[in-house]
Amino acid sequence: MAITTTIEITNIDAKKSLEGKDHVITSISFDVSATDGTYTHNMNGVQYIPFDKDNFIEWADTPEFKAQVIEWTKPYSDELIAECTTVVTELAKDEDETLSFTS
Numbered sequence: 003m004a005i006t007t008t009i010e011i012t013n014i015d016a017k018k019s020l021e022g023k024d025h026v027i028t029s030i031s032f033d034v035s036a037t038d039g040t041y042t043h044n045m046n047g048v049q050y051i052p053f054d055k056d057n058f059i060e061w062a063d064t065p066e067f068k069a070q071v072i073e074w075t076k077p078y079s080d081e082l083i084a085e086c087t088t089v090v091t092e093l094a095k096d097e098d099e100t101l102s103f104t105s
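The sequence shown runs 3 to 105 under the numbering used here.
No lab work stands behind these hints: they were computed from the structure.
For clarity, every value in this text was computed on a predicted model and none was experimentally measured.
Ideal Cβ positions, reconstructed from N, Cα and C, are used throughout, including at glycine.
Any given hint could turn out to be false.
Said to hold, decoys possible - Using 20 Å as the maximum straight-line C-alpha spacing, the simulated DMTMM-like pairs for lysine to aspartate or glutamate come out as follows:
| id | residue 1 | residue 2 |
| --- | --- | --- |
| 1 | LYS23 | ASP63 |
| 2 | LYS17 | ASP54 |
| 3 | LYS17 | ASP56 |
| 4 | LYS18 | ASP33 |
| 5 | LYS68 | ASP80 |
| 6 | LYS95 | ASP38 |
| 7 | LYS55 | GLU73 |
| 8 | LYS18 | ASP63 |
| 9 | LYS17 | ASP63 |
| 10 | LYS68 | ASP24 |
| 11 | LYS23 | GLU60 |
| 12 | LYS68 | GLU10 |
| 13 | LYS55 | ASP15 |
| 14 | LYS76 | ASP33 |
| 15 | LYS68 | ASP54 |
| 16 | LYS76 | ASP15 |
| 17 | LYS23 | ASP54 |
| 18 | LYS18 | ASP54 |
| 19 | LYS76 | ASP54 |
| 20 | LYS23 | ASP56 |
| 21 | LYS17 | ASP80 |
| 22 | LYS76 | GLU10 |
| 23 | LYS55 | ASP24 |
| 24 | LYS18 | ASP56 |
Stated by the list, open to error - Label pairs and their computed distance ranges (CB to CB):
| id | residue 1 | residue 2 | range |
| --- | --- | --- | --- |
| 25 | ILE59 | LYS95 | 39 to 49 Å |
| 26 | LYS68 | THR42 | 15 to 25 Å |
| 27 | LEU93 | ASP54 | 20 to 30 Å |
| 28 | ASP24 | GLU99 | 51 to 61 Å |
| 29 | ASN46 | GLU92 | 34 to 44 Å |
| 30 | LYS68 | THR104 | 55 to 65 Å |
| 31 | LYS17 | GLU66 | 18 to 28 Å |
| 32 | PRO52 | ALA94 | 30 to 40 Å |
| 33 | VAL89 | LYS68 | 21 to 31 Å |
Model the full assembly from the supplied sequences, consistent with the hints where possible.
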């Protein structure tokens with residue numbers, strides 16, 4: 003079965019104002035998950051965002067900005083997703099069994 007992965011933003015810390023810019027994101031907390039429908043593994047992480055006045059993107063409550071925030075969590079979230087995927091793959095190998103005598 004195919005493994006599906008997700009990234010969920012759980013918290014965004016920001017400065018109200020910094021060097022003339024509003025809503026300056028300083029860190030993004032997120033959860034990642036991998037599942038094959040039977041087995042699931044989750045991990046969480048925090049990505050700190052350095053302030054760059056020249057490349058600042060203003061906060062917006064839109065799907066496009068949410069996608070940008072998820073992009074900012076990479077490559078750390080990609081590492082966590084790879085680890086979750088590895089755990090699910092190992093769990094799915096079904097290497098354990100229960101043995102019993104017939105008589």
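The hints, checked one at a time:
no.	hint	result
1	LYS23 to ASP63	holds (17 Å)
2	LYS17 to ASP54	holds (13 Å)
3	LYS17 to ASP56	holds (17 Å)
4	LYS18 to ASP33	violated (24 Å)
5	LYS68 to ASP80	holds (17 Å)
6	LYS95 to ASP38	holds (12 Å)
7	LYS55 to GLU73	holds (18 Å)
8	LYS18 to ASP63	holds (15 Å)
9	LYS17 to ASP63	holds (16 Å)
10	LYS68 to ASP24	holds (17 Å)
11	LYS23 to GLU60	holds (8 Å)
12	LYS68 to GLU10	holds (10 Å)
13	LYS55 to ASP15	holds (17 Å)
14	LYS76 to ASP33	holds (12 Å)
15	LYS68 to ASP54	holds (19 Å)
16	LYS76 to ASP15	holds (17 Å)
17	LYS23 to ASP54	holds (10 Å)
18	LYS18 to ASP54	holds (15 Å)
19	LYS76 to ASP54	holds (17 Å)
20	LYS23 to ASP56	holds (11 Å)
21	LYS17 to ASP80	violated (26 Å)
22	LYS76 to GLU10	holds (13 Å)
23	LYS55 to ASP24	holds (11 Å)
24	LYS18 to ASP56	holds (18 Å)
25	ILE59 to LYS95: 39 to 49 Å	holds (43 Å)
26	LYS68 to THR42: 15 to 25 Å	holds (23 Å)
27	LEU93 to ASP54: 20 to 30 Å	violated (40 Å)
28	ASP24 to GLU99: 51 to 61 Å	holds (59 Å)
29	ASN46 to GLU92: 34 to 44 Å	violated (20 Å)
30	LYS68 to THR104: 55 to 65 Å	holds (58 Å)
31	LYS17 to GLU66: 18 to 28 Å	holds (22 Å)
32	PRO52 to ALA94: 30 to 40 Å	holds (38 Å)
33	VAL89 to LYS68: 21 to 31 Å	holds (26 Å)
In summary, the numbered hints that this structure violates are 4, 21, 27 and 29.
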